[in-house]
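Engineer: Listed below, chain by chain, are the residues.
Number of protein chains: 2
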Amino acid sequence: MDPVIQQILDRYRRIWALGHAQLLMGWDLETYMPEEGVKARSEASAELSLLRQELILSLKDLVEKADKREGLDDLEKGIVRVLKRSIKFYSAIPPDLLRELDRITSEAPVVWREAKRSSDYPKFRPYLAKIVDLERQVAEKLGYEGHPYNALLDLYEEGFTVREADSIFSTLIPGLKSTFDKVAERGYFPSSHPLEEFQYEVESMAKVNQEVLKLLDMPKGRFRMDVSAHPFTEGISVDDVRITTRYEGKDFRATLFSVIHESGHAIYELQIDRSLEMTPVGGGVSMGIHESQSRFWENVIGRSREFVFLIYPTLKEHLTFLEGYGEEDVYKYFNIVKPSPIRVDADEVTYNFHIALRYEIEKGLIGGSTDVSDLPSMWNDYMDKYLHYRPRNDGEGVLQDIHWSQGSFGYFPTYTLGNVVAALIRSHLPNLRDLVRERRFTEIKEFLREKIHKYGSIYPPKELLRRSFGEVYNPAHLLSYLSDKYLR
Amino acid sequence: MDPVIQQILDRYRRIWALGHAQLLMGWDLETYMPEEGVKARSEASAELSLLRQELILSLKDLVEKADKREGLDDLEKGIVRVLKRSIKFYSAIPPDLLRELDRITSEAPVVWREAKRSSDYPKFRPYLAKIVDLERQVAEKLGYEGHPYNALLDLYEEGFTVREADSIFSTLIPGLKSTFDKVAERGYFPSSHPLEEFQYEVESMAKVNQEVLKLLDMPKGRFRMDVSAHPFTEGISVDDVRITTRYEGKDFRATLFSVIHESGHAIYELQIDRSLEMTPVGGGVSMGIHESQSRFWENVIGRSREFVFLIYPTLKEHLTFLEGYGEEDVYKYFNIVKPSPIRVDADEVTYNFHIALRYEIEKGLIGGSTDVSDLPSMWNDYMDKYLHYRPRNDGEGVLQDIHWSQGSFGYFPTYTLGNVVAALIRSHLPNLRDLVRERRFTEIKEFLREKIHKYGSIYPPKELLRRSFGEVYNPAHLLSYLSDKYLR
Numbered sequence: 010m011d012p013v014i015q016q017i018l019d020r021y022r023r024i025w026a027l028g029h030a031q032l033l034m035g036w037d038l039e040t041y042m043p044e045e046g047v048k049a050r051s052e053a054s055a056e057l058s059l060l061r062q063e064l065i066l067s068l069k070d071l072v073e074k075a076d077k078r079e080g081l082d083d084l085e086k087g088i089v090r091v092l093k094r095s096i097k098f099y100s101a102i103p104p105d106l107l108r109e110l111d112r113i114t115s116e117a118p119v120v121w122r123e124a125k126r127s128s129d130y131p132k133f134r135p136y137l138a139k140i141v142d143l144e145r146q147v148a149e150k151l152g153y154e155g156h157p158y159n160a161l162l163d164l165y166e167e168g169f170t171v172r173e174a175d176s177i178f179s180t181l182i183p184g185l186k187s188t189f190d191k192v193a194e195r196g197y198f199p200s201s202h203p204l205e206e207f208q209y210e211v212e213s214m215a216k217v218n219q220e221v222l223k224l225l226d227m228p229k230g231r232f233r234m235d236v237s238a239h240p241f242t243e244g245i246s247v248d249d250v251r252i253t254t255r256y257e258g259k260d261f262r263a264t265l266f267s268v269i270h271e272s273g274h275a276i277y278e279l280q281i282d283r284s285l286e287m288t289p290v291g292g293g294v295s296m297g298i299h300e301s302q303s304r305f306w307e308n309v310i311g312r313s314r315e316f317v318f319l320i321y322p323t324l325k326e327h328l329t330f331l332e333g334y335g336e337e338d339v340y341k342y343f344n345i346v347k348p349s350p351i352r353v354d355a356d357e358v359t360y361n362f363h364i365a366l367r368y369e370i371e372k373g374l375i376g377g378s379t380d381v382s383d384l385p386s387m388w389n390d391y392m393d394k395y396l397h398y399r400p401r402n403d404g405e406g407v408l409q410d411i412h413w414s415q416g417s418f419g420y421f422p423t424y425t426l427g428n429v430v431a432a433l434i435r436s437h438l439p440n441l442r443d444l445v446r447e448r449r450f451t452e453i454k455e456f457l458r459e460k461i462h463k464y465g466s467i468y469p470p471k472e473l474l475r476r477s478f479g480e481v482y483n484p485a486h487l488l489s490y491l492s493d494k495y496l497r
Numbered sequence: 010m011d012p013v014i015q016q017i018l019d020r021y022r023r024i025w026a027l028g029h030a031q032l033l034m035g036w037d038l039e040t041y042m043p044e045e046g047v048k049a050r051s052e053a054s055a056e057l058s059l060l061r062q063e064l065i066l067s068l069k070d071l072v073e074k075a076d077k078r079e080g081l082d083d084l085e086k087g088i089v090r091v092l093k094r095s096i097k098f099y100s101a102i103p104p105d106l107l108r109e110l111d112r113i114t115s116e117a118p119v120v121w122r123e124a125k126r127s128s129d130y131p132k133f134r135p136y137l138a139k140i141v142d143l144e145r146q147v148a149e150k151l152g153y154e155g156h157p158y159n160a161l162l163d164l165y166e167e168g169f170t171v172r173e174a175d176s177i178f179s180t181l182i183p184g185l186k187s188t189f190d191k192v193a194e195r196g197y198f199p200s201s202h203p204l205e206e207f208q209y210e211v212e213s214m215a216k217v218n219q220e221v222l223k224l225l226d227m228p229k230g231r232f233r234m235d236v237s238a239h240p241f242t243e244g245i246s247v248d249d250v251r252i253t254t255r256y257e258g259k260d261f262r263a264t265l266f267s268v269i270h271e272s273g274h275a276i277y278e279l280q281i282d283r284s285l286e287m288t289p290v291g292g293g294v295s296m297g298i299h300e301s302q303s304r305f306w307e308n309v310i311g312r313s314r315e316f317v318f319l320i321y322p323t324l325k326e327h328l329t330f331l332e333g334y335g336e337e338d339v340y341k342y343f344n345i346v347k348p349s350p351i352r353v354d355a356d357e358v359t360y361n362f363h364i365a366l367r368y369e370i371e372k373g374l375i376g377g378s379t380d381v382s383d384l385p386s387m388w389n390d391y392m393d394k395y396l397h398y399r400p401r402n403d404g405e406g407v408l409q410d411i412h413w414s415q416g417s418f419g420y421f422p423t424y425t426l427g428n429v430v431a432a433l434i435r436s437h438l439p440n441l442r443d444l445v446r447e448r449r450f451t452e453i454k455e456f457l458r459e460k461i462h463k464y465g466s467i468y469p470p471k472e473l474l475r476r477s478f479g480e481v482y483n484p485a486h487l488l489s490y491l492s493d494k495y496l497r
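These protein sequences, in sequence, are chains A and B.
For the first sequence, the positions run 10 to 497 when my numbering is used.
For the second sequence, the positions run 10 to 497 when my numbering is used.
Derived by calculation from the structure, the hints in this document are not laboratory data.
Mixed in with the good hints there might be a few duds.
A short, non-exhaustive set of chain A residues, derived as facing chain B with CB atoms under 10 Å [as the list claims (entries may be wrong)]: (1) Q31; (2) L33; (3) G230.
DSSO-like cross-link-like pairs, simulated, lysine-lysine; straight-line CA separation at most 30 Å [stated by the list, open to error]: (4) A:K223 with A:K259; (5) B:K460 with A:K48; (6) B:K216 with A:K229; (7) B:K347 with A:K48; (8) A:K69 with B:K69; (9) A:K471 with A:K494; (10) B:K494 with B:K347; (11) B:K132 with B:K77; (12) B:K48 with A:K463; (13) B:K216 with A:K259; (14) B:K471 with B:K86; (15) B:K259 with B:K223; (16) A:K223 with B:K454; (17) A:K93 with B:K48; (18) A:K259 with B:K494; (19) B:K216 with B:K454; (20) B:K216 with A:K216; (21) B:K471 with B:K460; (22) A:K216 with B:K229; (23) A:K48 with B:K229; (24) B:K48 with A:K460; (25) A:K86 with B:K48; (26) B:K259 with A:K216; (27) B:K223 with A:K48; (28) A:K229 with B:K48; (29) A:K48 with B:K454; (30) A:K48 with B:K463.
All C-beta atoms, glycine included, are put in the ideal place defined by N, C-alpha and C.
Chain A with its partners taken away, still in its complex shape (with noise of 0.2 Å):
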């Protein structure tokens, strides 16, 4: 190990011990801490977030001058390169842009609940327009190559840029349009199915996930899973990652599909290098990555005929209204396609058009060429375009998701990027269905270590697909995925 990298290596520890306290703490949070807790909480992680970041500066030097080293290899660039993106995000913003970002997103989400309710977008623009006015000086302050999204997008997806997106979602949407309308009218795929409405007990879902867990072979003494308002995954390290699902009572497969999805993250952030713990580069490398784990497992294998038969008897047993209902209405049930307003509720077809209009949206907000006023007939003119619905309401149309509030510009790209990734990553498993079919998950969680997971965060997000698989977001591959799948 080069001395410098080691020195560096040595005062990170503690950043890392500060990260790994974060991580349980925002996963108590949202599973065990009884709810008045919460004040003394939001309190103990805005200062630990403080001081981690004041320890993160305060390696400034050192790692200017490890940049500077000669015959750095594959993992020391990589410490440098993630320190490198840290330091220069919390030396870009001024503090004082820091705390009103978080000052009015802290307050945003509790007026977008309520403007979302009410179907009252009025009320929310003027936080709206606060916000993407802050967002414009992050961008500003971090600074950008061509479009000032370009210092946004690369805040979540590093080195991911407008010209990229622009060009995947122009060869994905025409796509799309035509897999949907021949979707439509092929009829195999239904648009609604009986097993939507069907009440099941928790204890008995509860069993099915636990059996599906075990199915794909979980870690016992590495990873547990909890129930929480939201299904997320942490993992706090390499041999403690937790997952959490819901139990909403009826349509089973939502909470069906968040475990497997959970587990997508969790395999990934399992199967890092254990080397890499306790640095830098120690956790998953991108959201986009992350998210195309994810969506690997839930869509790519969970939605699959082949799972559908794997995982029938476990279900028929504990489920009581399966009787009557076989295999293949299960598998119909699990792939109905359906243009619903809502983004969290499409199905694999009709998913990216909810993205693709957020980043037109987006792009357009922080260009500067669209303005808040103008959002909602925005939103429900592409959605029309896309999908021939037009929204009964901002409620159901602009208003549905959390992240704006929150100020999260430049995340939801990453939802496509998870798509095209893990189709990318099912172009290369051509016997995916008989791994499937003969439960062999140990070898496909073995090609995701050897491809992607163990490197953690040593290569940048592109350098990564190129090395293992040679190209980068290529949307050809989700495209032919879905038409091999919804059109064969």
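Chain A is already provided as a structure; the job is to place chain B on it using the hints.
Structural biologist: Showing chain B alone in chain A's frame:
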């Protein structure tokens, strides 16, 4: 607020936040953490402890400056006092000594466990000898007046001395011996009971425990109970206090009284004045005072006839084997008096004998008059003298407790202090029986809040007791409480 104190408090916030994180990490370690997470968790804890220590030491100049300010109020003086204690500790003990202690006290419990299992004291002896040697060095570095053991006692119970402990035990032991002999003679309280043998369903017993928490009016949004191998309480914040219990499946007293015991600790943490949160005086003041609260609820209230009558219907409802056993049976079962060789199994009458012998041994080891090789016979002689029982082997004798392997010298006496102070408190509540009979737990809690809880660590333990009760560690109250209860 004094401006220097204000400066200290501002800088203390991050120290408080680190403590908050560490408490949660400790709770999680014993409750939900996947077992293989332990390695990363230990590393993270160690890093954060070190960081916290550095931050506390960085307050040295400011605290010295504050210490010279005139006109500080009690709160401000308390803040200075508590910080001075921490700073003194971290400044006095050389890092090498701390590291050596850390090392051996992480190895020794493993050896101790093995030695206890095989009743092999010689196996553990060299570790104990080394730990005693290091603890004596700690005492020398810290400095003391009178006996070197005073330096260690003070770590667990501020200002508590060998002189006071000697005085307590020299009154307590003959008094307890006389009570114990008479209890045995009269035969009303049995030395065993059929109810000890009944197996319970964990689910039923969990319901009983929940009912007891309801009876004690534990605040739902600020409190929770989980399961762990060893029951404990963690006050993560004033609005987030957690206890645990365990279910051994037999002898339902154990889980019930651990719930009441830990609730006593929890009520203390829940009732500290919320203006003290995020300050150095925001926690319970000492081990002895904390233990007085848990024992007051567990023994004085929980094992009282009135409490038994109160919870009997709940017990009867959930524990079917109580058919044929009335309130009086349960009362006797809860108050078996038996000279057990094992401290944690001891009843109210014999418990303090166990502490007295440990106190004498620790005092001798740290003072240099006792050698580790003398321990087994010394232990057994004391047991014989106090309880007319000679341990059959060192597993049920000198090796029974984990404490020494963890380097906890000076801790045991706080258990007796807890009993002494619990009885002192009881002497100030002449109508306690009525309060319990009439379920007026809110009034009891209010009394404890006003006398003890709300002050946090503003006053050192003896000053707190003197202010609230006009006296300190007077063992007469414990003796009269026990003879009232057991010899009436």
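Engineer: State for each hint whether it applies.
Structural biologist: Each hint, compared with the structure:
1. Q31: It holds, given that the least Cβ distance between A:Q31 and chain B is near 8 Å, below 10 Å.
2. L33: With a minimum Cβ separation of about 6 Å from chain B (threshold 10 Å), the hint on A:L33 holds.
3. G230: With Cβ-Cβ at 4 Å, under 10 Å, it holds.
4. A:K223 with A:K259: 23 Å, holds
5. B:K460 with A:K48: 27 Å, holds
6. B:K216 with A:K229: With Cα atoms ~28 Å apart, B:K216 and A:K229 stay inside 30 Å; holds.
7. B:K347 with A:K48: 48 Å, violated
8. A:K69 with B:K69: Holds, because 27 Å separates the two Cα atoms, which is no more than 30 Å.
9. A:K471 with A:K494: Answer holds: A:K471 to A:K494 is near 27 Å, not above 30 Å.
10. B:K494 with B:K347: 16 Å, holds
11. B:K132 with B:K77: 51 Å, violated
12. B:K48 with A:K463: This hinted pair holds, its Cα atoms lying about 20 Å apart.
13. B:K216 with A:K259: Between B:K216 and A:K259 the Cα gap is close to 28 Å, so the pair holds against 30 Å.
14. B:K471 with B:K86: 15 Å, holds
15. B:K259 with B:K223: 23 Å, holds
16. A:K223 with B:K454: Not satisfied, since the Cα-Cα distance of roughly 48 Å exceeds 30 Å.
17. A:K93 with B:K48: 29 Å, holds
18. A:K259 with B:K494: 57 Å, violated
19. B:K216 with B:K454: 23 Å, holds
20. B:K216 with A:K216: Holds, at roughly 23 Å.
21. B:K471 with B:K460: 13 Å, holds
22. A:K216 with B:K229: 28 Å, holds
23. A:K48 with B:K229: 16 Å, holds
24. B:K48 with A:K460: Holds: B:K48 and A:K460 sit about 27 Å apart, inside 30 Å.
25. A:K86 with B:K48: 27 Å, holds
26. B:K259 with A:K216: Given pair B:K259, A:K216 holds - Cα atoms ~28 Å apart, limit 30 Å.
27. B:K223 with A:K48: 24 Å, holds
28. A:K229 with B:K48: The given pair, whose Cα atoms are some 16 Å apart, holds under the 30 Å limit.
29. A:K48 with B:K454: 24 Å, holds
30. A:K48 with B:K463: The hint holds at about 20 Å.
The structure shown violates the earlier hints numbered 7, 11, 16 and 18.
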